[in-house]
Structures are given as C-alpha cells and as structure tokens.
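Asks: Next come the chains, spelled out residue by residue.
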Amino acid sequence: MNLVKRGGLLLATLSVMVLLVACGGDKSSKTEQAQPAVQKNADGLTDFQMENGIGPVTEKIVLGEIDEAKAKAGEALFKSKCAPCHKLDKRLVGPALRYVTERRTPEYILNMILNPDGMVKQHPEAKKVLAEYLSPMTNMNLPLEQAKELLEYLRLVEKEGKEKGIQADPLFRGQK
Amino acid sequence: MKFYFKMLNVLVIAAFSLTLVACNGGNSKGGALKNSAAEKVFVAPGKYDAYYAFISGGFSGQLSVYGLPSGRLFKVIPVFSVDAEKAWGFNEETKPMLQTSHGFIPWDDSHHPDISQTNGELDGRWVFINANNTPRIARISLETFETEEIIEIPNSAGNHSSSFVTENTEYVVAGTRFGVPIPQRDMSIKDYKGNFKAALSFIKVDPKTGHMNLDFQVLMPGFDYDLSHPGRGKSHGWFFFSTYNTEEAHTLLEVNASQNDKDYIAAVNWKKALEFIKQGKYQTMPARYAHNVYSDENHTATSTMEKSVRVLDASKLPGLVYFMPTPKSPHGCDVDPTGEYIVGSGKLAAALTVHSFSKMLKAIENKEFDGEAYGIPILKFESTLAGTVEQPGLGPLHTEFDGKGYAYTTFFISSEVVKWKLGTWEVVDRKPTYYSVGHLMIPGGNSRKPFGKYLVAMNKITKDRYLPTGPEVCQSAQLYDISGDKMEMLLDFPTVGEPHYAAGIPAEIVKKHSKKFFKLEENKHPYATKSEDAGKVVRKGNEVHIYMTMIRSHFSPDNIEGIKVGDKVYFHVTNLEQDYDVPHGIAMIGARTSELLIMPGQTETFVWEPKQVGVWPFYCTDFCSALHQEMQGYVRVSPRNSNVKLSWSLDGE
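These protein sequences, in sequence, are chains Y and V.
Heads up: take any position in the first sequence, counting from 1, add 5, and you land on this note's numbering.
Heads up: take any position in the second sequence, counting from 1, add 161, and you land on this note's numbering.
Rather than coming from a laboratory, the hints here were simulated on the basis of the structure.
Cβ coordinates follow ideal geometry from the N, Cα and C atoms, glycine included.
Hints should not be assumed to be uniformly reliable.
Covered stretches of chain V, as calculated for chain Y (at least 3 residues, CB under 8 angstroms) [what the hints assert, rightly or not]: (1) 621-635; (2) 711-717; (3) 732-740; (4) 781-788.
Beta-carbon label-pair distances, calculated as ranges [said to hold, decoys possible]: (5) V:Asp625 <-> Y:Pro148: 55 to 63 angstroms; (6) Y:Pro148 <-> V:Val204: 54 to 62 angstroms; (7) Y:Ala74 <-> V:Ser469: 51 to 59 angstroms.
Kindly generate the complete structure, drawing on both the sequences and the hints.
Replies: Below, the structure written as structure tokens:
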C-alpha cells in the first residue's frame, strides 16, 4: 500500500515536472523580448490604441489639405465597398458616416477599415457600436492606400456637411 | 534496497504490459484503437493534417479531398456529376462543363486522379481525373479546388487506363478499355476481331495555364487497355499500358479473354511519336468531342465542339510501340521511382512480373522478338524480365513505391498489402486489408520522389467493418504507417463512392497557394454587379434579368415587382464580400434549376420561371452572420396581362 502510494507520488511528481518543462519555455522568451514596458489598461490596450484603434496603423499620420483627387477615388470606393451598409446621413446596417471624422481619429478610421474583425473583438468603442448595430463590419481587404482614399472622401463630406449645415445622425439611438 | 527492487519490479511489469499492448496490433481485439495508433492519426482540434489525399469518387463521378493522417473529409469537388451543394451543373455558369458529343451528361464514373509533376516530382498545381463511361479527362485547380476544364476523348470507350501525367506534365494520357470501330460505324459485333481498334490519347497540357488539347492518338489493335503509367527518369519519353483481352473476344470475356497465357504491356515511345507528328506521318480523322473550359475571370464555362484529331497508326510506324508479354491479364502497370522497373500485376497470376526498362531497350536494339501482333513487335518475355515476385498473394492489382527501395502491392482476392524489395524480389511484410483491396496510394508513390510515410489502401468491400446502413454499405480506405520495417495499420475511414485510386501530396506544397476569395475588381462576368447602386432589373420580352448583390446580411434589391407569370427570370447574383470564408447562398421558392452558393467576389446565375401569381420570397441559404435569418427578399408575380410596372428597391429606395 505504502509502496503504491509512493510510486504514485513519484509518477505524479514526474508528470508535474514534465508539465512544467513543457509549458515553461515560451513565456520566458517572450518577456525577455518585450520592449520597454508600455502602459496597458484593463482591456490590454495602450493609450494609443484606445484613441487610434487596433490594426496596421500604429503611429499618428500627418494629414495635409484635403486631396481632391484622392477624395474622388475614395467616393467611388465608398459606393462599391461601403454603401451596401453605410449612408452618409442615415443609419443603415452600420452608422451614418458623414461626421465619423469628428467622432474618431484618422488612424482609428483606417484601423476600423483595415482590421474590422480585430476591432470589434478587442476595442471597447468598436464593441459598443457592434452592440448597437449587431452586424459586425465586414473586411473588404483593402490596401492601406485605398483606405486612405476613403479617409480623404470622409474628410471632404464632413467639410461639405458643415458648409451646408447638414444635421448629424446620432451614432446611438436616443442620442442627440 | 528492497523498496527499489520492488519499484523496479513494478516498472518492469508495467513496461512489459505496455509492450504487450503495443505489439498486439493488427488483427487482435486492440487493433487500431491501441494508444500508439490513435496518437499517430490524431490531429488536435485546430491543427492541420500533414497531407492532402485526393480520392476518386468512383460511381459518384466526383473527387473527394481528405486529410492524412486523420482521414477527415474536407470537400467533395464536383467533376463529372451534378452537385446540388455547389450548384455544379445546375447554375447557368457550369452547365457547359457537362456537355459532350452525346449531349448534357449529368453523371459519370470517375477513376484515377493524378497530380501534376515537374521534374518527376509533385508540383501541386492541378489534379487530373478521368471519366470512365463517357470518356473525358478533367483538370482541377489546386488554387480553387474547382474543376477548370473537361475534354472529351473521341475514339475511346471505357476510358480506364487514364489519367496519368508525364514527368513534366507535358501530357496527360488516356487509354481505352473497349475496342470499338474507329471511326464509329454500323457493323456486326461478330466482326470485332481485327476490325475493332483502340486509341491511346496524348493530351498536351499548357505549362502555364494548364489548358489541355488533344495533341494526337496512337491507333492500336482492339485489345483492352487497362491501366498505364509514364516512364520517369531514364524511361521518360515512354508510356506503358497493360493490356488484356489480346484474344479480342467480344462476348463472355470472363472466360474468353482469359485464354492466352500472356497478354502484353505496351511500351509506347511518345517522344518518337512527336517525331512522326513532325514528319507529318499522321492522319487527320474527323471526330466530334467537347472541350469545356471554366474561367475564374468571368466565373463562366464555355463548351466548344472540336472536329478532328491527329492519329498515328502503330501498325504502320516502326519503333512507335513494342509489346512486352506479361502473364495472365495484367491490371496494374506501375513504374518505380528510378524509371527502371515496370511492374505488371497479372490479376490471375500467382506471381508478379517485373520488366526492366534497360533490358527492354537492349532487346529492341538486338531485335529479340517473338513474332508480332498487327505489325507491332512482341519482345521475348525473358529478354525484358527483371524478376518475379513469387507467391506474393492472390489477385495482384496495383503497386506503389516508398522511395526507399520497396514496393507495395495490393492483392484483391487475398485482401492484403504486400511489401517487397525491388531488385531481390523478396516479400518482407504483409498486412491484411478489410476487405478486397483495389488501389493503394503512397503520396508521390507514382513519381520520382515518393513521401514514404503513409500508405492508403482502398477497399471495395467493408461488410462488417462499420455500422450497417442497409444493403448498401460504404467503401473504405485504410491508412498504414510504412515508415518502419513493418507496416502498421492506423485507421479505417469511409469514402465517397467506390474509391478507384487516389493521389496524395504534402499539404505544404498546396496550401500556400489556396485561394481565399475572388477579387471583385477582376470579376469579368457579363452580368456582374459590383456595387449596390449598379443593381437593376431589365426586361427583354418575357426574359427578365435581375442584377443582384449580396453582403452581410442583405440582398440588393430585395423587393422586386412587375414580374409576370410566364416570364423567364434570370437571377445574376454577385457576392460583394471580399473576405475569406464568407459565401452567401440564395434560394427562390419554386426555382427548378438550382439554389446558388456564391463565393466572395463571384457572380452566379439561376433561372426561375414563376408559374403562380403571388408574392414569393427568396432567402440566403448559407448561415452568414447573426442576422442571416434577416437576409431575405420578395418578388411580386402578377398575371400575364397585368400592367404592374417593373420596379425594384432596397429599404424603400
């Protein structure tokens, strides 16, 4: 009896050791590689990500005057890639987008276009919007350049909207 | 001390019993369920299999895609038969793929898949497979896992010794099982002997696009050409076909085609054939055969009827073909990775016959002939014989190779796989199959570079191996580990239809090229709708064309009015999604042609001929998002003479 117990103990100890060895390696190497600690919030996101979204755009971009040619290309893209779900002045499947450039930073908008799956899974703001609209935004697999053209178009429609005094459609129901 | 001794004792006993369990495999009760076998085939959730196996669907006419070692079924690729799941042969785009000189053929019997090769090694670009009944060869893309091309073979019947590729995929080759009148004509069956002929077809494959074209046929005596394989390495440029019914019987072949002690393996020098073609020694024969091509650009197939074929007459062109006598109605005709050995499996013989390619060349040079058949020299049996595998089993059928000097042959009657050594011809191992094994497959096992880890045996009969499902029970495949000295059976799994042969390939070669979605910008379908605002409904007499889009989770337009009873309504539906694994479906109540499943960026069409007045719904058939049940629409159908104007909308706009 005693023997069996001790044998069992030995085996148990061995298997624990095996487990330890098996699960050890990876973690330590990751922490070693980690860059100077970046502050993360409870969601595991950095301040930059909270403001600018999660995705391929990881630093602030510099915007100049609205580029008319790009905005025009963006308008065509909007029609084919976005219009099935978005209008400018009325919520449809997704939010009205005329004043999205007021709500979000340019980087956030680009990340939302380029990484919608990651955004609605991880970003608290995008999660809130998903809870309101229920349909997760589709990934149209656009290259960054085309996403930037869309951004130019969205900047242009914001400007035009203000000039014409067009009312914003609220992002959430019951919101002013 | 005493403690350690006891401890040791326990461990020894434990180890001993483990060994017992481990070695008790094969036919004991433990069988494949023992731990080690289970671990060897276990692919953890979310992990990938190491190999793709493309297993023929037999009388289903399709090609199935399995993972090895798990035996999990991923997909059934529709090839020669209509497939409701993928609307293959039902939607307007794919109907032309099943056109033949006999008209639209909705099903066939698919047999021997073979993967394209470069320098004798699997390159993973295409799989070819033959339709046995209405003779055709199909090419399947391993980027899209869809059938891209089907070419009919004229002057052929029972397209069985097909579809095997030469070592740079210069040609995919198709032989005929039945002798037939060439060209076809009204004549008495009794006049078969000497009057019926057989054609061996060499289909050229474009190295860039894969497009096939019937380059030439070799006209042969009216024997039955059963299986074939290309030469490789030193024998590249030759093609070998097994023959039976050299008796040229036309009735009760079961008896009458088994009279001769030996039939032949026909060695065709196709490089020589190319010289004859260059010299103009061919005859151009009128022929009718369909050539069907599907394009990923316009997502549409076209069918063209070809009108002639170039024919080389083997009886009149010395040096084109030689016969190697091979005992007892040989079935399998398999060439080892070096290209030196050609294995003939005389299905009624007690031994396997192995021919030597270099001895064959010498015999030809020295004219060691034993007569001729219809002007084709018969080489002396002893002159080409490399060796004989004596008493290996009963009913040998097919042989594949592991690249380590061993061959593996299936035995139908004795239900086993037998491993033997090339050169010494000694049998080194045998394992039972359950039951009546036909083909076997080792990934790359018919190339210069086999991947000798697994062997798949394909069984005709399963009887008591699975839960019964009425009189018709499944066929099966069995997986063996062949990495050690002895084969070990790991797994049984059911297959689609009767599996005649398979082709396997390391997943690494294929998966990186697998297409994720079709780019909308590149969609050249004449009825594509690339944005919602381009959606419309157009009437041309009683034909109505609906240009519709789909995206998670709505159709546009989704309300259509002005359709009348008696109209022929074409739904041209484009999936606007541009992401991986987001197909949408569409089903229209009362539509008789098909429901559609449309990949991202693709356009497909079905026809609906409404018979009844009313408001009729359509909906998405593929669960696409949390709001999938909301993805729907209505069509209003008015009486023939009504004045309701054609209109369409989404969300009232």
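Asks: Per the coverage rule (Cβ-Cβ under 8 angstroms, at least three residues), is the region 711-717 of chain V covered by chain Y?
Replies: Held - the region 711-717 of chain V has 5 residues with a Cβ nearer than 8 angstroms to chain Y, which meets the minimum of three.
Asks: Report holds or violated for chain Y covering the region 621-635 of chain V, Cβ cut-off 8 angstroms, minimum 3 residues.
Replies: As far as the region 621-635 of chain V goes, the hint is violated, because 0 residues have Cβ atoms under 8 angstroms from chain Y.
Asks: Can you confirm whether chain Y covers the region 732-740 of chain V, using C-beta to C-beta distances below 8 angstroms and requiring at least three such residues?
Replies: holds (count 4)
Asks: Please check whether Asp625 of chain V and Pro148 of chain Y have a Cβ separation lying inside 55 to 63 angstroms.
Replies: holds (58 angstroms)
Asks: Does the hinted range 54 to 62 angstroms hold for Pro148 of chain Y and Val204 of chain V at CB?
Replies: The hinted range 54 to 62 angstroms is violated for Pro148 of chain Y and Val204 of chain V, with Cβ atoms some 35 angstroms apart.
Asks: Starting from the range 51 to 59 angstroms, see whether the pair Ala74 of chain Y and Ser469 of chain V falls in it by beta-carbon distance.
Replies: holds (55 angstroms)
Asks: For the region 781-788 of chain V, does the count of residues with a C-beta closer than 8 angstroms to a C-beta of chain Y reach 3?
Replies: holds (count 3)
When the structure is compared with the earlier hints, violations turn up for hints 1, 6 and for no others.
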